[in-house]
Amino acid sequence: MGEQVMLKGDRAVAHSVLSTQPDVVSAYPITPQTGIVEKLSQMKADGDLRGEYLKVDSEFNAASSCIGASAAGARVFSATSSQGLKLMSEPLFTASGMRLPLVLAVANRSLSGPLSIWNDHTDAFAERDGGMIQFFAEDVQEAVDNVLMAYRVAEDPDISLPALANLDGYILTHVKEPVEIPTEEETNAFLPKREPHATLDPKNPKTMGAFARPEHWTETRYAVHDALRRSADVIGETVEAFADQFGREYGLEYGGLVQTYGDEDADVAILGLGSIVGTMRDVVADHPTSVKIVKPRVIRPYPVEALREALAGVESVGVLTKEVSPGHQSTLASELKSAMYGSGHNPTIQSYVLGLAGRDVTKAEIADIVDEVAAAASSGPSKTFVGEEDWPQLDRDILPNEVTN
Amino acid sequence: MSSINDPYEDLTISKGAVAEPGTSLVNKTGTWREFKAVIDHDACTGCGICETFCPDVAAKHVGDRRYEIDYDYCKGCGICANECPVEAIEMVPEVK
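One line per chain: the protein sequences are A and B, in this order.
Count the first sequence with our numbering and you get residues 1 to 405, in order.
Count the second sequence with our numbering and you get residues 1 to 96, in order.
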């Protein structure tokens with residue numbers, strides 16, 4: 001075990017990336033991610049980062065140059081947030097189709113408009129269908145550890161897909177926490193050298209990322225879908241190997257995909273993603289109701305079986321989420337409902353959209369949600385779709401009727 | 001004009017759909033054409049600007065300062081006609 005040091009989240013992630021010694025780091029600054037690549041840039045200048053550091057003109061180019069380098073066989077890294085992730089979206093979808101294991105840290109931030117630099121999960125969910133593995137971190141240590149695990153899963157020759165290691169902007173990037181940083185030797189023992197399925201090589205020319213006719217595209221998309229589903233098992237093995245080597249455990253009983261806290265036998269559960277789980281744990285520790293906390297560590301692959309197991313004895317679930325799919329409902333809640341369909345178990349699932357664009361989520365607000373979710377345990381699932389979602393922080397006083405009507 | 005086996009016959013998808021190089025030659029994009037570039041060889045000075053500008057390498061030097069259009073791949077975009085300094089290339093509608 002290494003010793004703990006006090007580091008800001010962005011710096012800690014940079015140190016974790018350094019321990020993997022990527023061949024190419026290509027990045028463009030954006031708040032609140034900038035500290036990650038700024039630190040890596042300094043590491044390059046100091047001679048600690050031995051790979052190339054590319055200063056590019058946009059996030060589109062950052063992701064695209066990572067694709068080129070990855071296609072040549074390199075281990076690559078980039079980091080971004082919000083609008084930057086949107087600009088990377090097109091090349092990231094390409095990377096998954098090309099089966100290139102780009103690893104990115106994403107400091108989650110809301111999307112325009114209106115412009116906001118603060119944290120929520122709108123950016124990550126907007127990339128949901130890109131064929132990327134997506135990890136989420138509750139605290140700085142998990143963000144550090146997810147970088148190593150993301151590399152091991154993404155670069156597994158049987159998976160070979162891009163991975164996003166999400167961490168909440170500001171809440172984790174700009175907070176100092178005591179963390180253990182893996183050394184390069186430790187990371188080498190955990191993370192094998194990349195073995196690419198094909199490499200760009202002038203002596204052995206080939207075409208990568210080319211054209212597919214209607215007769216062939218379905219198969220390539222299915223291959224991405226299949227690899228992403230299979231990655232669930234690889235994540236399980238990876239989390240186990242990580243626990244063996246580093247002593248930190250991330251939901252071993254749920255295949256490394258989901259963690260639970262609190263009373264395992266509770267009828268009531270609340271589910272959240274990322275740093276909000278820390279506040280949820282604080283609330284539940286003092287709350288009179290017995291509550292189980294369910295924390296998915298990934299949204300892709302979607303942990304269907306792990307969530308079914310975690311919610312097997314639960315009558316009522318509250319989903320606390322920092323995103324919404326306008327015109328439907330929060331994706332975290334609707335996907336949980338789809339996961340329970342056909343399981344033979346139909347708990348009440350209530351969705352709470354909150355914490356958007358940096359609005360603080362207080363312990364009192366979460367305690368109120370716990371009370372509501374507990375009350376719903378006896379009433380059963382809502383028969384009206386609208387009744388299943390609540391925006392507890394919505395301030396009607398500043399929202400005139402003519403804007404919503 | 002070109003002889004290449006169609007790589008799409010009996011194709012199995014490799015990881016990441018990595019393909020053999022040069023295989024796009026089987027896609028004869030000339031069928032997309034609505035206008036056909038026709039060179040007036042009496043007016044042509046053989047400068048080669050059409051070859052330089054053609055985005056599909058369809059305007060080709062065939063020797064002795066003579067240029068021909070490869071209609072297997074000419075998409076009829078008209079860039080050569082636009083660039084020709086002596087207006088020796090005419091875009092003729094493809095009609096039947």
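Careful, some of the hints might be misleading.
Unchecked claim - Derived pair list, reagent style DSS-like, types lysine-lysine, alpha-carbon separation capped at 25 Å:
hint : chain 1 : residue 1 : chain 2 : residue 2
1    : A       : K193      : B       : K15
2    : A       : K44       : A       : K193
3    : A       : K193      : A       : K176
4    : A       : K206      : B       : K36
5    : A       : K8        : A       : K176
6    : A       : K44       : A       : K203
7    : A       : K206      : B       : K15
8    : A       : K206      : A       : K176
9    : A       : K8        : A       : K44
10   : A       : K8        : A       : K55
11   : A       : K363      : A       : K8
12   : A       : K203      : B       : K15
Said to hold, decoys possible - Quick list of the computed label-pair ranges, beta carbon to beta carbon:
hint : chain 1 : residue 1 : chain 2 : residue 2 : range
13   : A       : P202      : B       : G78       : 57 to 67 Å
14   : B       : F53       : A       : D360      : 36 to 46 Å
15   : A       : H328      : B       : G48       : 54 to 64 Å
16   : B       : F53       : A       : P214      : 30 to 40 Å
17   : B       : E90       : A       : A45       : 37 to 47 Å
18   : B       : F35       : A       : P214      : 36 to 46 Å
19   : B       : G78       : A       : T404      : 33 to 43 Å
20   : B       : F53       : A       : P400      : 36 to 46 Å
21   : A       : D233      : B       : L25       : 37 to 47 Å
22   : B       : L25       : A       : S112      : 39 to 49 Å
23   : A       : E237      : B       : F35       : 19 to 29 Å
24   : A       : H197      : B       : W32       : 27 to 37 Å
25   : B       : P55       : A       : Y222      : 30 to 40 Å
To be verified - A few chain A positions that, by computed beta-carbon distances, are all more than 10 Å from chain B:
hint : residue
26   : R99
27   : H216
28   : E219
Rather than coming from a laboratory, the hints here were simulated on the basis of the structure.
Ideal Cβ placement from N, Cα and C applies to all residues, glycine included.
So if I understand the rule, the pair passes when the alpha-carbon distance is 25 Å or less; does A/K206 with B/K15 pass?
holds, 13 Å
Is A/K44 close enough to A/K203, meaning Cα to Cα at most 25 Å?
violated, 30 Å
Regarding the pair A/K8 and A/K176, is the alpha-carbon distance no greater than 25 Å?
holds, 4 Å
Are A/K206 and B/K36 close enough, with their CA atoms no more than 25 Å apart?
violated, 32 Å
Look at the Cβ atoms of B/F53 and A/P400 and judge whether their distance stays inside 36 to 46 Å.
With Cβ atoms ~58 Å apart, the hint is violated.
When you check the alpha-carbon spacing of A/K8 and A/K55, does it fall within 25 Å?
Holds: A/K8 and A/K55 sit about 23 Å apart, inside 25 Å.
25 Å limit on alpha-carbon distance, applied to hinted pair A/K8 and A/K44:
Status holds; Cα separation ~19 Å.
With d taken as the least Cβ-Cβ distance between A/E219 and chain B, does d exceed 10 Å?
violated, 5 Å
Status of the given 54 to 64 Å range, CB of B/G48 versus CB of A/H328:
holds, 58 Å
Whether the CB-CB distance between B/G78 and A/T404 falls inside 33 to 43 Å
Given range 33 to 43 Å: violated, Cβ gap about 52 Å.
Beyond 10 Å from each Cβ of chain B, as asserted for A/H216:
violated, 6 Å
For the pair supplied as a hint, A/K206 and A/K176, confirm whether the alpha-carbon distance does not exceed 25 Å.
Between A/K206 and A/K176 the Cα gap is close to 47 Å, so the pair fails against 25 Å, i.e. violated.
The structure fails to meet hints 3, 4, 6, 8, 13, 14, 17, 18, 19, 20, 23, 26, 27 and 28 from the earlier list, while all remaining hints are met.
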